[in-house]
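> Okay, here's what each chain looks like letter by letter:
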Amino acid sequence: MLTAAKNQLKVTKLSIKYAVMREMLNKTTFVSNIIFMILNNACMIIQWIVLFSLKDNVGGYTFQQILLLWGMSSGVYGVAHFFFDKAFSLANTINSGKLDAYIVQPKNVLLSAITSNVKVSAIGDIIFAFVMYFIYGFNITTFILYILFLITGGLILVAVSIIFNSLSFWFNNTDMVSDTVNSLMVNFSTYPEGIFKGITKILLFTIIPVGIANYIPIKIITEFNIYLFIINISVCLLLILISFIIFYKGLKKYSSSNLMSARI
Amino acid sequence: MAIIEVKGLSKNFKVKMKEKGLKGSIKSIFKPKYKIVKAVRNISFDVEKGEIIAFIGPNGAGKSTTIKMMTSILYPDKGTIKVMSYDPIKDRKKLSYEIGTVFGQKEQLWTHLTPYDNFKFFGAIYDLPDSVIEKKIEELNMLFELEEFINTPVRNLSLGQRIRCEIAAALIHEPKILFLDEPTIGLDPVVKENIRTFIKRMNKEFKTTIFLTSHDIGDIEKLCKRVIIINDGQIVLDDTMDNLKYHYLNKKIVEAKMKERINLDDEDGINILKDKGYNLKIEVDTTKRSVADALKLLNPDNIIDINISNIPLEDIISNIYKNKD
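Residue numbers (this note's numbering), protein chains in the order written: chain A, 207 to 470; chain B, 29 to 353.
Since the hints were made in silico from the structure, they are not lab data. Fair warning: there could be bad hints in the mix.
Stated by the list, open to error - Heads up, incomplete: computed chain A residues facing chain B, CB under 8 Å, no partners named: (1) Val217; (2) Tyr224; (3) Val226; (4) Val310.
Claimed, not checked - Calculated lysine-lysine pairs in the DSS-like style (CA-CA distance at most 25 Å, straight line): (5) A:Lys459 with B:Lys164; (6) B:Lys42 with A:Lys458; (7) B:Lys42 with A:Lys455; (8) A:Lys219 with B:Lys110; (9) B:Lys279 with A:Lys458; (10) A:Lys216 with B:Lys279; (11) A:Lys459 with B:Lys324; (12) A:Lys223 with B:Lys163; (13) B:Lys163 with A:Lys458; (14) B:Lys163 with B:Lys110; (15) A:Lys459 with B:Lys316; (16) A:Lys216 with B:Lys163; (17) A:Lys455 with B:Lys316; (18) B:Lys121 with A:Lys216; (19) B:Lys118 with A:Lys212; (20) B:Lys302 with A:Lys212; (21) B:Lys148 with A:Lys216; (22) A:Lys459 with B:Lys66; (23) B:Lys61 with A:Lys459; (24) B:Lys316 with A:Lys219; (25) B:Lys164 with B:Lys118; (26) B:Lys163 with A:Lys212; (27) A:Lys458 with B:Lys302; (28) B:Lys35 with A:Lys458; (29) B:Lys42 with A:Lys459; (30) A:Lys455 with B:Lys204; (31) B:Lys118 with A:Lys459; (32) B:Lys279 with B:Lys302; (33) B:Lys42 with B:Lys77; (34) B:Lys302 with A:Lys219.
Unchecked claim - According to the in silico footprint, chain A covers these stretches of chain B (three or more CB under 8 Å from chain A): (35) 137 to 144; (36) 149 to 159.
Given the structure is predicted, the values throughout are model-derived calculations rather than measurements. All C-beta atoms, glycine included, are put in the ideal place defined by N, C-alpha and C.
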């Protein structure tokens, strides 16, 4: 069991390494993708500077917390898209019959499929996340927690995407649904929790679990709370479990295809 | 003992039907209609170790579906499959260590990597230690003559070189069975011949069982001793290559250049394929009339040039396809 897990990890690492190598073929694009993503995120902060010049807090967040929220949200996005970018276009992989190549290999089909591509600009998001954290203020405990929450948040984002993309096994062309959920996850994660009320708030802690992935970590970093910490970790694990179950249930319905294709 | 056992295998696909035009599209949203396509219908066969078997049939006959069920990609609706005594669905991982697959229409290699890096990756997928991978790459390099381009990114290779690498990559873990789905599709005759030589060499050196589908009669004729023909989801023929030829080769084609015109219209056992005055092409049914008889009818003194040939295997096979429709 342990050897199998070790081997799986080795292949996943290799897969990500080769995907990075592919992106590095064009040095200029590689570097500019990263830099422009950092700039892009930084531009968004400007509107908050303007807002906070008018008001002391927005939705219960101070300016420092907004910076942390932006860092958290771009870092979570970065982790998810750097390591598991294909999870966000899984519906397409399923519909075009490209899972074949992974099914005939003695490794986990889902992991092989979602780690076969990296998004270079996501490195920019991760760098931006750390810049924001250091502006917020460094402390070894919160730093470790911050890294942990970037990972759990990234995994939550990936798991939700897998769940919605896997619907493609049953209904064709569900890309729209999963794309919408993915962008909702990202959009909501950049606004302070306090501005949402009622049904929206319920949605943010259930179907679009931005609350668990982004808001809870901000609360924990500001003031540690063991219950919230347990909620964050257990929801992350639960969603991963559900995503695997749904994917493998769907795989039984997989109908492949005879489209001409290349692995690019 | 059989290395592959397939019993009573069936697979249906549910296909959405749509009436033509925009109206049809709107209607299908509210009242979708489905059609069941029986892709594979109750087929059974065995494959022995070391065999090279041709699994052929017209487009849409169920070849790929069958191969995909044998390689764990698709779930069968009914029936059992045992490949090296593994059930492809329950024992997907265990089975994949024992089989290799090459789908001519689908690329498995990473195109931006060199074949060498690809082989290293595939080796890691099958948990081979680095030293073993290096040894294996050396061996495959020799067998498939990859030296020239082993360090060139796959996307810069010609189709022929790429297919050679695809097959080599599928062999890195020394599979006992290799599934080749149209490996020579789109290749020129010289490269095709090359690939065939490699396949034969591999079968001989590693005793690999080869399950091949192809539309190329050359592949089938030159590689396979046994052929299974599938049409409309059912097996219509499962026989040795020799038997296939023997049973179906009861017709000869005679092409003759004549001094004088001759009329063979009402002759029994003779079918005129082409009659251009002095050039004649006829088909002789040897169960009704011997070739010698047919020649007498033409009158040997009247013949300037003559050519007697078998019906091409391609025609035999397409006849089988048509007859069982």
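> All hints are to be evaluated individually against the structure, with a verdict given for each.
Structure-based check of each hint:
1. For Val217 of chain A, the shortest C-beta to C-beta distance to chain B is roughly 5 Å, which falls under 8 Å, so the interface hint holds.
2. Below 8 Å, beta-carbon pairs count as interface contacts, and Tyr224 of chain A has one with chain B at about 6 Å; its hint therefore holds.
3. With a least beta-carbon distance of about 11 Å to chain B, the hint placing Val226 of chain A at the interface is violated under the 8 Å criterion.
4. Checking Val310 of chain A against chain B: minimum C-beta separation of about 5 Å stays under 8 Å; hint holds.
5. Between Lys459 of chain A and Lys164 of chain B the alpha-carbon distance is near 36 Å, which puts this suggested pair outside the 25 Å criterion.
6. Of the pairs offered as hints, the one joining Lys42 of chain B and Lys458 of chain A holds, with about 14 Å between alpha carbons and a cut-off of 25 Å not exceeded.
7. Proposed proximity of Lys42 of chain B and Lys455 of chain A is supported: the alpha carbons are some 18 Å apart, at most 25 Å.
8. For the suggested pair Lys219 of chain A and Lys110 of chain B, the alpha carbons sit about 33 Å apart, so the restraint of at most 25 Å is broken.
9. For a cut-off of 25 Å, the pair hint linking Lys279 of chain B to Lys458 of chain A is broken: about 48 Å separates their Cα positions.
10. Between Lys216 of chain A and Lys279 of chain B the CA atoms are separated by roughly 60 Å; this puts the pair beyond 25 Å, and the hint is violated.
11. Using a Cα cut-off of 25 Å, the hinted pair Lys459 of chain A and Lys324 of chain B is violated, with the two alpha carbons roughly 64 Å apart.
12. Between Lys223 of chain A and Lys163 of chain B, the direct Cα distance comes to roughly 23 Å. Compliance with the 25 Å bound is thereby established for this hinted pair.
13. Only pairs whose Cα atoms come within 25 Å are accepted, and Lys163 of chain B paired with Lys458 of chain A is rejected, the gap being roughly 37 Å.
14. Distance hint between Lys163 of chain B and Lys110 of chain B is unfulfilled; the C-alpha atoms sit about 31 Å from each other, more than 25 Å.
15. For the suggested pair Lys459 of chain A and Lys316 of chain B, the alpha carbons sit about 54 Å apart, so the restraint of at most 25 Å is broken.
16. Restraint check: the Cα-Cα separation between Lys216 of chain A and Lys163 of chain B comes to about 20 Å, which is no more than 25 Å; the hinted pair holds.
17. Annotation: proposed proximity of Lys455 of chain A to Lys316 of chain B is violated, straight-line Cα distance about 60 Å (limit 25 Å).
18. At roughly 16 Å between alpha-carbon atoms, Lys121 of chain B and Lys216 of chain A fall within 25 Å of each other, so this suggested pair holds.
19. For a cut-off of 25 Å, the pair hint linking Lys118 of chain B to Lys212 of chain A stands: about 22 Å separates their Cα positions.
20. For the suggested pair Lys302 of chain B and Lys212 of chain A, the alpha carbons sit about 70 Å apart, so the restraint of at most 25 Å is broken.
21. Simply put, Lys148 of chain B and Lys216 of chain A have alpha-carbon atoms about 12 Å apart, close enough for the 25 Å limit, and the pair holds.
22. Proposed proximity of Lys459 of chain A and Lys66 of chain B is supported: the alpha carbons are some 16 Å apart, at most 25 Å.
23. With a C-alpha separation of about 19 Å, the suggested pair Lys61 of chain B and Lys459 of chain A falls inside the 25 Å cut-off, and the hint holds.
24. Note on Lys316 of chain B and Lys219 of chain A: the hinted pairing is violated, with a Cα-Cα distance of about 70 Å set against a maximum of 25 Å.
25. Between the alpha carbons of Lys164 of chain B and Lys118 of chain B the distance comes to roughly 29 Å, so the proposed pair goes past 25 Å and is violated.
26. A hinted pair counts as satisfied when its Cα atoms are at most 25 Å apart, and Lys163 of chain B with Lys212 of chain A qualifies at roughly 23 Å.
27. Under the criterion of a C-alpha separation no larger than 25 Å, the hint pairing Lys458 of chain A with Lys302 of chain B is inconsistent with the structure, at around 54 Å.
28. Proposed proximity of Lys35 of chain B and Lys458 of chain A is supported: the alpha carbons are some 20 Å apart, at most 25 Å.
29. Under the criterion of a C-alpha separation no larger than 25 Å, the hint pairing Lys42 of chain B with Lys459 of chain A is consistent with the structure, at around 11 Å.
30. Pair hint Lys455 of chain A plus Lys204 of chain B does not hold up; C-alpha atoms about 30 Å apart against a cutoff of 25 Å.
31. Of the supplied pair hints, the one linking Lys118 of chain B and Lys459 of chain A holds, its CA atoms being roughly 15 Å apart against a limit of 25 Å.
32. Proposed proximity of Lys279 of chain B and Lys302 of chain B is supported: the alpha carbons are some 16 Å apart, at most 25 Å.
33. Straight-line distance between C-alpha atoms of Lys42 of chain B and Lys77 of chain B comes to about 35 Å, which puts the hinted pair past the 25 Å bound.
34. For a cut-off of 25 Å, the pair hint linking Lys302 of chain B to Lys219 of chain A is broken: about 66 Å separates their Cα positions.
35. Residue count for the region 137 to 144 of chain B with a Cβ under 8 Å from a Cβ of chain A: 5. That meets the three needed, and the coverage hint holds.
36. With 5 residues having a Cβ less than 8 Å from any Cβ of chain A, the region 149 to 159 of chain B passes the three-residue criterion, so the hint holds.
In the structure shown, a violation is registered for the earlier hints numbered 3, 5, 8, 9, 10, 11, 13, 14, 15, 17, 20, 24, 25, 27, 30, 33, 34, in ascending order.
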